[in-house]
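Protein chains: 2
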Amino acid sequence: MPVSAGQDPISVAVLHGGETPPGLDGAVGDARLRLAATPDELATVLPGCEVLLTWDFTSDAVKQVWDATDTSALRWVHTASAGVDRVAFPALLGSGATLTNSRGVFDRPMAEFVLGAVIAFAKDTARSLALQRERTWRHRETENVAGTVATVVGSGPIGRAVAELLGAVGMRVRLVGRRAAEGVHAFDELPGLLPDTDYLVLAAPLTDDTRGMLHTGTIALLPERARVVNVGRGPLVVQDDLTGALATGRIAGAALDVFEVEPLPADSPLWTMENVLLSPHMSGDVVGWKDMLVALFADNLARFRDGRELRNVVDPERGYVSTGGNQ
Amino acid sequence: MPVSAGQDPISVAVLHGGETPPGLDGAVGDARLRLAATPDELATVLPGCEVLLTWDFTSDAVKQVWDATDTSALRWVHTASAGVDRVAFPALLGSGATLTNSRGVFDRPMAEFVLGAVIAFAKDTARSLALQRERTWRHRETENVAGTVATVVGSGPIGRAVAELLGAVGMRVRLVGRRAAEGVHAFDELPGLLPDTDYLVLAAPLTDDTRGMLHTGTIALLPERARVVNVGRGPLVVQDDLTGALATGRIAGAALDVFEVEPLPADSPLWTMENVLLSPHMSGDVVGWKDMLVALFADNLARFRDGRELRNVVDPERGYVSTGGNQ
Numbered sequence: 001m002p003v004s005a006g007q008d009p010i011s012v013a014v015l016h017g018g019e020t021p022p023g024l025d026g027a028v029g030d031a032r033l034r035l036a037a038t039p040d041e042l043a044t045v046l047p048g049c050e051v052l053l054t055w056d057f058t059s060d061a062v063k064q065v066w067d068a069t070d071t072s073a074l075r076w077v078h079t080a081s082a083g084v085d086r087v088a089f090p091a092l093l094g095s096g097a098t099l100t101n102s103r104g105v106f107d108r109p110m111a112e113f114v115l116g117a118v119i120a121f122a123k124d125t126a127r128s129l130a131l132q133r134e135r136t137w138r139h140r141e142t143e144n145v146a147g148t149v150a151t152v153v154g155s156g157p158i159g160r161a162v163a164e165l166l167g168a169v170g171m172r173v174r175l176v177g178r179r180a181a182e183g184v185h186a187f188d189e190l191p192g193l194l195p196d197t198d199y200l201v202l203a204a205p206l207t208d209d210t211r212g213m214l215h216t217g218t219i220a221l222l223p224e225r226a227r228v229v230n231v232g233r234g235p236l237v238v239q240d241d242l243t244g245a246l247a248t249g250r251i252a253g254a255a256l257d258v259f260e261v262e263p264l265p266a267d268s269p270l271w272t273m274e275n276v277l278l279s280p281h282m283s284g285d286v287v288g289w290k291d292m293l294v295a296l297f298a299d300n301l302a303r304f305r306d307g308r309e310l311r312n313v314v315d316p317e318r319g320y321v322s323t324g325g326n327q
Numbered sequence: 001m002p003v004s005a006g007q008d009p010i011s012v013a014v015l016h017g018g019e020t021p022p023g024l025d026g027a028v029g030d031a032r033l034r035l036a037a038t039p040d041e042l043a044t045v046l047p048g049c050e051v052l053l054t055w056d057f058t059s060d061a062v063k064q065v066w067d068a069t070d071t072s073a074l075r076w077v078h079t080a081s082a083g084v085d086r087v088a089f090p091a092l093l094g095s096g097a098t099l100t101n102s103r104g105v106f107d108r109p110m111a112e113f114v115l116g117a118v119i120a121f122a123k124d125t126a127r128s129l130a131l132q133r134e135r136t137w138r139h140r141e142t143e144n145v146a147g148t149v150a151t152v153v154g155s156g157p158i159g160r161a162v163a164e165l166l167g168a169v170g171m172r173v174r175l176v177g178r179r180a181a182e183g184v185h186a187f188d189e190l191p192g193l194l195p196d197t198d199y200l201v202l203a204a205p206l207t208d209d210t211r212g213m214l215h216t217g218t219i220a221l222l223p224e225r226a227r228v229v230n231v232g233r234g235p236l237v238v239q240d241d242l243t244g245a246l247a248t249g250r251i252a253g254a255a256l257d258v259f260e261v262e263p264l265p266a267d268s269p270l271w272t273m274e275n276v277l278l279s280p281h282m283s284g285d286v287v288g289w290k291d292m293l294v295a296l297f298a299d300n301l302a303r304f305r306d307g308r309e310l311r312n313v314v315d316p317e318r319g320y321v322s323t324g325g326n327q
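If you read the protein sequences in the order shown, they are chains A and B.
Going by the working numbering, the first sequence opens with residue 1, and the numbers climb by one from there.
Going by the working numbering, the second sequence opens with residue 1, and the numbers climb by one from there.
Worth flagging that the hints you see were computed from the coordinates, not collected in a lab.
Beta carbons are placed, not taken as given, at the ideal position from N, Cα and C, and that holds for glycine.
The reader is advised that the hints may include incorrect statements.
What the hints assert, rightly or not - Quick list of in silico lysine to aspartate or glutamate cross-link-like pairs, DMTMM-like style, CA-CA up to 25 angstroms:
id	chain 1	residue 1	chain 2	residue 2
1	B	Lys290	A	Glu143
2	A	Lys63	A	Glu317
3	B	Lys290	A	Glu50
4	B	Lys290	A	Glu317
5	B	Lys290	B	Glu274
6	A	Lys290	A	Glu317
7	A	Lys63	A	Asp85
8	A	Lys290	B	Glu260
9	A	Lys290	A	Glu50
10	A	Lys290	A	Asp267
11	B	Lys290	B	Asp124
12	B	Lys290	B	Glu50
13	A	Lys290	B	Asp56
14	A	Lys63	A	Asp208
15	A	Lys290	B	Asp30
16	B	Lys63	B	Glu260
17	B	Lys290	B	Glu309
18	B	Lys63	B	Glu19
Unchecked claim - Rough simulated footprint, nothing fancy, chain B against chain A, three-plus residues with beta-carbon under 8 angstroms:
id	stretch
19	22 to 29
20	92 to 101
21	132 to 144
22	191 to 202
What the hints assert, rightly or not - Distance ranges between label pairs, derived from CB positions:
id	chain 1	residue 1	chain 2	residue 2	range
23	B	Asn275	A	Asp67	50 to 58 angstroms
24	B	Arg135	A	Gly17	18 to 26 angstroms
25	B	Glu164	A	Thr136	44 to 52 angstroms
26	A	Gly288	B	Leu193	23 to 31 angstroms
27	B	Met292	A	Leu221	49 to 57 angstroms
28	A	Thr136	B	Asp209	30 to 38 angstroms
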């Protein structure tokens, strides 16, 4: 999908979360950056901009200001995240602006994060740390990782990286995507895969099909020994249902990096559950991630300037990048 | 090394730690088990026994009672551990009794334990759990595992299993053994490998050569970012030296499953160090490990009874199983 542009300096609205993207200024050539940290600021800077970079992927500001703001100049929206759920709303998708994401930056780090959660459960790491605080020497038996069964929902680059890494350590892995393909189970096969699942990994995009996919009904199909690992998006899970299942021991544990509301409210019961490993939406954020995100955006901006095809164009129908291309 | 035996029931002294080996009675046929939990009890039961099983591999009782006890009937000593350091003392080795160990039972579980420690450091798991206890949402950047450098000391089955698993997740692994071999660095090459080591894994047997191998001098060769993982034996490390290096930040962290004195005394400063992951000598002990140990001993006992070659015979010169064979 070539997107041509004139030779005048390009105006780029940048929605950030208070911290301006490090190194962005030096990476975008003569483009004019128009920074915004709040919906009001975004509404002010967005008119006249051809490009919008949503650096703060947790913000709903774009959707909030869209209807009342002149976006007639906008031709490209890039999000500094793999998931596009904050910007892939109908009015934006229907505006003709091209949407791109940061696919590829997070794949391997997120896979390592998932493997870390799996081994932490198997080797009882949280309990070891708790006993360490109490200066208590208490031998326990732990679990094998090799030979256990992982069901990975999401057959995009992140899900594939997770499946590959879990397979490399000897787990039996089933990858579940939207449709069946070689090595990929169709989403409607998932219920049949849950009963012998030891680790259910959610690495799917948040779409109408996947929203709320893990609820009391699907949890009921999991064995009691099962653990859930969610590195996708919080709303893939009906959080109250999962919380209840963890509280009653219906399933054995959960490692949650994403939540329905982020930051997770301080009164959530998840904070204090012993069978929950909780982290603040950071599974993909290894040292250097911001530099990689800036480099990816800068490369796409050069393509935009030259009228070349952009990388990581999101399919407006599906809500994620639907073809191969760079990882 | 065939070990023949008569047709009379075999007498087996069993040194245990208070818990008799589960299922042992049913696994040894008509052998007579003579149980001992203390040095005094061992001194009482050992005379006349052809076989000694040291189920409690943390006890020094065999060495304590050896000189004053009649062991003239003893022809085979089997230890329910990979390390033989508690029984491979000169008087026993020189007695003509064959020494066997439990090589193979712990390899893969220990490798998974080491990988778990590596990922826990890279992904800052202990800090995530500490913040979780405080209900604090604090995003951090974590580290990649792939591409980091591991130096694994110990080229026996455990070290090899560790090296294989760390390699499978994309780490660059150097294996260090007693002597150079294909894919194995000689022990005297170790100083040259330490300066670019991210993770130093100790999985070596405790011998005169390896005792105290990690001390202030060798720690000084490690970069500040290095972490040490010890799943071998505590005395491989001069514990005070390591504790000091961890306290001053000379190195970044340590995951310690073994200690100079076990259980680790409650007043050890290691318990409360934030950069230490401490566990109670359990790295190889997955669910079912006792059954596997009993099965291995029972198989060897049948071989002993029939005069066939025993599995896992320890080389008295080296203090570990020196040839291939079953894993």
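Cross-check of the supplied hints:
For the hint linking Lys290(B) to Glu143(A), the alpha-carbon distance of about 13 angstroms falls within 25 angstroms, and the restraint holds. Taking the CA atoms of Lys63(A) and Glu317(A), the gap is near 18 angstroms; set against the 25 angstroms cutoff, the hint holds. Between Lys290(B) and Glu50(A) the alpha-carbon distance is near 67 angstroms, which puts this suggested pair outside the 25 angstroms criterion. About 55 angstroms separates the Cα atoms of Lys290(B) and Glu317(A), which puts this hinted pair outside 25 angstroms; it is violated.
The hinted pair formed by Lys290(B) and Glu274(B) fails the criterion: a straight-line CA distance of about 32 angstroms is larger than 25 angstroms. Taking the CA atoms of Lys290(A) and Glu317(A), the gap is near 28 angstroms; set against the 25 angstroms cutoff, the hint is violated. About 11 angstroms separates the Cα atoms of Lys63(A) and Asp85(A), which keeps this hinted pair within 25 angstroms; it holds. Annotation: proposed proximity of Lys290(A) to Glu260(B) is violated, straight-line Cα distance about 43 angstroms (limit 25 angstroms).
Between Lys290(A) and Glu50(A), the direct Cα distance comes to roughly 23 angstroms. Compliance with the 25 angstroms bound is thereby established for this hinted pair. Between the alpha carbons of Lys290(A) and Asp267(A) the distance comes to roughly 31 angstroms, so the proposed pair goes past 25 angstroms and is violated. Annotation: proposed proximity of Lys290(B) to Asp124(B) is violated, straight-line Cα distance about 32 angstroms (limit 25 angstroms). This hinted pair checks out: Lys290(B) and Glu50(B) have alpha carbons roughly 23 angstroms apart, not beyond 25 angstroms.
For the given pair, Lys290(A) sits about 52 angstroms from Asp56(B) by alpha-carbon distance, which is inconsistent with the 25 angstroms threshold. Between Lys63(A) and Asp208(A) the alpha-carbon distance is near 17 angstroms, which keeps this suggested pair within the 25 angstroms criterion. Restraint check for Lys290(A) and Asp30(B): not satisfied, since their Cα atoms lie roughly 68 angstroms apart, outside the 25 angstroms limit. Restraint check: the Cα-Cα separation between Lys63(B) and Glu260(B) comes to about 17 angstroms, which is no more than 25 angstroms; the hinted pair holds.
The straight-line distance between the Cα atoms of Lys290(B) and Glu309(B) is roughly 23 angstroms, inside the 25 angstroms bound, and the hint therefore holds. Between Lys63(B) and Glu19(B) the alpha-carbon distance is near 21 angstroms, which keeps this suggested pair within the 25 angstroms criterion. Given a C-beta distance limit of less than 8 angstroms, the hint that chain B covers the stretch 22 to 29 of chain A is violated, as 0 residues qualify and 3 are needed. With 0 residues bearing a CB less than 8 angstroms from a CB of chain B, the stretch 92 to 101 of chain A misses the requirement of three and the coverage assertion fails.
Counting residues of the stretch 132 to 144 of chain A whose CB lies closer than 8 angstroms to any CB of chain B gives 11, so the stated coverage by that chain holds, three being the minimum. Counting residues of the stretch 191 to 202 of chain A whose CB lies closer than 8 angstroms to any CB of chain B gives 0, so the stated coverage by that chain is violated, three being the minimum. Between Asn275(B) and Asp67(A) the C-beta distance comes to about 51 angstroms, which sits within the given range of 50 to 58 angstroms. Between Arg135(B) and Gly17(A) the CB atoms are about 21 angstroms apart, so this pair conforms to the stated range of 18 to 26 angstroms.
Checked against the hint of 44 to 52 angstroms, the pair Glu164(B) and Thr136(A) fails, with Cβ atoms roughly 33 angstroms apart. Remark: the range hint 23 to 31 angstroms for Gly288(A) to Leu193(B) is upheld by a beta-carbon distance near 25 angstroms. Restraint check, Met292(B) to Leu221(A): a C-beta distance of roughly 32 angstroms breaks the suggested window 49 to 57 angstroms. Taken as a hint, the range 30 to 38 angstroms holds for the pair Thr136(A) and Asp209(B), whose Cβ atoms sit roughly 34 angstroms apart.
The structure shown violates the earlier hints numbered 3, 4, 5, 6, 8, 10, 11, 13, 15, 19, 20, 22, 25 and 27.
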